[in-house]
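Make a model of the complete structure from these sequences and hints.
What follows is each chain in one-letter form.
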Amino acid sequence: MSVLEIRNLHAVVEDAEILKGVNLTLRSGEIHALMGPNGSGKSTLAYVIAGHPHYEVTEGDILIDGESLLDMEADERTRAGVFLAFQYPVAVPGVSVANFLRTAVSNVRGYTQQAENNGNSPAVIGSNLMPMREFRRELNEKMKEFNVDPSFARRYLNDGFSGGEKKRTEVLQMAMLEPKFAILDESDSGLDIDALRVVSDGINKLATSDRGFLLITHYQRILNYVKPDYVSIFFRGRIVQTGGPEVAHMLEERGYGWVEKEFADEPVTA
Amino acid sequence: MSVLVKDIAPGDVKKSVEQFSEATVRALSAARNEPEWMLEKRLAAWAQFEAMPWPKSDDEAWRRTRLTGFKLDNFQPYAQADGKPATVDALVQVELDEMQSAGSMVFQSGDVAFRHNAEDLSAKGVIFTDLRSALHHHPELIQKHFMTEVVKPDHNKFTALHAALWDSGAFIYVPKNTRVDLPLQVILHQSAEGAGGYHHTLLVAEDGAEVTVVDDLLGGENGLQNSVVELVVGDNSVVRYMNLQDFDHSTWNFLTGRAIMHRNADLRWIQVSWGSRLTKAFLDLDMQGEGGHGELLGIYFPTGRQHIDHQTLQIHRVPHCFSDLLFNGALKDKARSVYMGIIQVHPNAQKTDAYQRNGNLILDSTARADSIPGLEIEADDVRCTHAATAAQVEDEYVFYLMARGLTRPQAERMIVQGFFQAVLDRVPVESVVTKLERVIERKIGG
Ligand SMILES: Nc1ncnc2c1ncn2[C@@H]1O[C@H](COP(=O)(O)OP(=O)(O)O)[C@@H](O)[C@H]1O
Ligand SMILES: [Mg+2]
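Going line by line, the protein sequences match chains A and B. For the first sequence, this note's numbering assigns the number 1 to the initial residue and increments by one for each residue that follows. For the second sequence, this note's numbering assigns the number 1001 to the initial residue and increments by one for each residue that follows.
Mixed in with the good hints, there may be bad ones.
Restraint-style ranges between C-beta atoms, simulated for each label pair [as the list claims (entries may be wrong)]:
1. Arg136/A to Thr1087/B: 41 to 49 Å
2. Arg1442/B to Arg109/A: 22 to 30 Å
3. Gly110/A to Pro1409/B: 14 to 22 Å
4. Gly243/A to Pro1409/B: 39 to 47 Å
Coverage of chain A stretches by chain B, computed from C-beta distances (three or more under 8 Å per stretch; other residues unrestricted) [claimed, not checked]:
5. 46-60
6. 89-97
A few chain A residues facing chain B, derived, Cβ under 10 Å [claimed, not checked]:
7. Ala74
8. Arg79
9. Val82
10. Leu84
11. Phe86
12. Phe100
13. Leu101
14. Thr103
15. Val105
16. Ser106
17. Val108
18. Asn158
19. Leu177
It should be emphasised that the hints constitute simulated quantities derived from the structure, not laboratory data. Cβ atoms here follow ideal geometry from the backbone N, Cα and C, with glycine treated the same way.
Structural data, given as C-alpha cells:
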C-alpha cells in the first residue's frame, strides 16, 4: 500500500505559472480521473510529476510514501515507481522496442543496481541487463496479453506507429515496468472504438490493488470502460472540484463551457 | 592453410630513402623486383604528381578542408621493412578472429604479414592476393585494370602520388558467374610511425559474379595515408564493399574511391570513417550500364579535433539506374565534418532514380557539420531527391527514455546508436556490425 501525494504544487515554464496549487492524493488500488479543458495544464502536471527538466516547481511537493520526488531526476522517479504514459510519445528511430525495454526493465528492476554494487558502471548499455531469454519470454507473454503484435519488438520505438499503436505500446511498457503509480495522459485521445477498447482492457488488467492510476482525459468516453473511484475537474492549473463518477456525467451533460462559467471567478494566484 | 609470410628480405630497401623524389620511386620499385612496365607507370605518375598543383583553399573541393600543417617532407615517403620476423599485432588478431571469412590477408606497413584462405578460392578461379604478387602472376589483368579506367593516376594530386608510390593492397578477381559466399577480409595495419602508406584495393567482379570485400584500415601514427579503391562491377554482378577506416587520430588520410558499374550491376559500398586527424575522401559511383543499382552508405563520428570530409558523386550516364546515398555522422567536442555530394544525371539518363541524404547529430555546441548536397540534372524524366539535416539530441527524446528508467547517459547513448542504425541495418556482415557498434559505444563514452 503506497500513497502518491501532491501538495499545493506550483510550477512555471518559461516564466509562466501553469500549475497554481494542485492538491491530490492517490492511493494504491485507486483510479482517479482528471478531466479538464485543453490548455488547463493537465499535461504539465503529468510532466512535473515525471520530472521533466523544463518545468520548475516553485512551491509545494510531490511525495511517494512521504518521500519527496522533487530532487530526483526523471529516471530516478521511474525507478521509485512512477510511470507516465505520454500524450504524444516521441519516435526514436533506430532504437528497437525490445532493446530499449530490456534496458529500461533492467534498470527499474535493479539489475543495473546490482551490477553497480559489484563495481561495474551502470551507464554501459549491454552490461548489467536482465538475461535475454527471460526478458524475451516475458515480453512475448505481455505482448500477447496486451494485444501488441510480436513484430513490434523489433520495430523502432514509435517510429511510423499509428496513434493507436503508440498508445498500445505505452500500455505494454507500463505492463513491463510494473509501476506503483501510473499517470496516463490522454491515452484515449485519437483512438477509434476498437483501439480504445484494447487500451482500456489493458488498463483494467493492470489496475490491481497495489497500483494507483491518474487517468488524465479530456473526454468522458474512456470512463465507460475504465471505472474511476474519483473524478476531479482540472481548470486553469488547479483542481476545482472532486467527486465520484457522477462528476464525469455532469461534465458530459454540461460541457466545459459550464466549468468556464462556474470557476472563472475563482481567485487565482497569477 | 595459413602462413606467416615475409615477402621481403631485410636490407632490400636502402635506408637512405628519406625524401619524396623520383629516386624514391625507383628504389621502391627496384626493392620489389617489379616488372619494367610497372616502374614506367610509377614514373609517369610521379611526373604527373610533380606537374599538378597542390589543392588551393579556393578550390571548391578544398574550401572547407584546409591542409594547413600538412607537409610532405614531414613523412618518410614509405614504410620500409624492418627486418624483424613477421608478426601479427594483437589488434589485428582480434579482427581476424572475429570475422568468418573466405580468405584473409594482413598487410603490415606494406608487406604481407599473414594470409589464410579458408576456402579453396583458386579452384573456383577466384584470385585473392596482394597486388605485389599479382604483378608477377597476373600481369595481363593488372595491366588491364590497375589505375587505367576506374581511377586514373591524374585523377587528382593524391591519386598521382598514390600511383607513383602504392605499396600495399589486394587484388581481387571473381570470374564470371562465380560466387564467394563469405567475405574476403583485407587488413592494413600501418605499424610504421610517421611514414607514407598507399593502400590500394582493386576488385574486378566479372559478369554475374558475387563477392563481399572488407577493407580494415588501422594504425598510421603520425603518418600519411593515401588510399585508392577501384571497383569494377560487371554486368549482373553483386558486390558488397566495406571500407572501415580506423586510423590513429594523428593520421593525415586521403582516399579516392570509385566504382564503375555495368549493366544491372548491384553494388553496396559502406564507408566508415572513424579515425584520422583529417580525412578527405572522394567517392564516386559511376553508373555506365543500364539497370544498375548502387548504394553508397557512410558513417562517421569525429571527436576531439578530428576533421572528416566526404565528397561524393553519383554519376548517372545511362537510363534506368538507381542510386541511393546515405551518410550519417555524429560529432563531439571540437570536431568538424564536411559532406559534399552531387547527383549528376546526364542528358540521356532518363528514368533515373537517385537519392542523397546526409544527417548530422551534433553532440556538443563546439562541433560543426557542413553539408552541401547538390543536383546536376540534364535529363527530364528523373526522380531525384536530396536532404541534409543537422540535429542535436533533443531533450524531449532524452526525457522520454528517462521517464522509462534509463539514465541520462544511457538515453543519450541509445539515441546516438539509433541514429547510426539506418546505416548499420544495411551492413551485410554481422561481425562488422558488432564491431561498428562497439566503436560507436567507445566514441560516445570518451
Ligand atoms: N514548454 C512550454 N513552454 C511554454 N508554455 C507551455 C509549455 N508547456 C505548456 N505550456 C503552456 O501551458 C498551458 C497548459 O498546457 P498543457 O499542460 O499542455 O495543457 P493540457 O494538457 O491541459 O491541454 C498551455 O497554455 C501551454 O501553452
Ligand atoms: Mg495535454
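Do the hints match the structure? See the list:
1. As the Cβ distance of Arg136/A to Thr1087/B is approximately 43 Å, the hint placing it in 41 to 49 Å holds.
2. The hinted window of 22 to 30 Å between Arg1442/B and Arg109/A holds, with their beta carbons roughly 28 Å apart.
3. Under the hint 14 to 22 Å, the C-beta atoms of Gly110/A and Pro1409/B, about 18 Å apart, fit the expected range.
4. Evaluation of the 39 to 47 Å hint for Gly243/A and Pro1409/B yields a pass: the beta carbon distance comes to about 45 Å.
5. Residues of the stretch 46-60 of chain A with a Cβ under 8 Å from some Cβ of chain B number 5, which satisfies the need for three, so the listed coverage holds.
6. Here's how the stretch 89-97 of chain A fares: 6 of its residues keep a CB closer than 8 Å to some CB of chain B, so the rule of at least three is met and the hint holds.
7. Hint on Ala74/A holds. Least Cβ distance to chain B is approximately 4 Å, under the 10 Å limit.
8. Taking 10 Å as the C-beta cut-off, the interface hint given for Arg79/A holds, the closest approach to chain B being about 6 Å.
9. Using the Cβ-Cβ criterion of 10 Å, the hint placing Val82/A at the interface with chain B is satisfied: the shortest such distance is roughly 8 Å.
10. Interface hint status for Leu84/A: upheld, as the beta-carbon distance to the closest one in chain B is roughly 5 Å, under 10 Å.
11. Against a cut-off of 10 Å between C-beta atoms, the interface hint on Phe86/A holds, since the closest Cβ of chain B lies about 7 Å away.
12. Interface restraint check for Phe100/A: the shortest CB-CB distance to chain B comes to about 6 Å, inside 10 Å, so the restraint holds.
13. Nearest Cβ of chain B to the Cβ of Leu101/A: about 8 Å, under the 10 Å cut. The hint holds.
14. With a least beta-carbon distance of about 6 Å to chain B, the hint placing Thr103/A at the interface is held under the 10 Å criterion.
15. The criterion of a C-beta within 10 Å of any C-beta in chain B is met by Val105/A, whose closest approach is roughly 8 Å, and the hint holds.
16. Here the hint on Ser106/A is kept, as its CB sits about 9 Å from the closest CB of chain B, short of 10 Å.
17. At its closest, the beta carbon of Val108/A sits 4 Å from a beta carbon of chain B; the interface hint therefore holds under the 10 Å criterion.
18. This hint holds: Asn158/A has a C-beta 9 Å from the nearest C-beta of chain B, less than the 10 Å allowed.
19. Checking Leu177/A against chain B by beta carbon gives a least distance of about 7 Å; that is within 10 Å, so the hint holds.
In terms of the numbered hints stated before, the structure departs from none.
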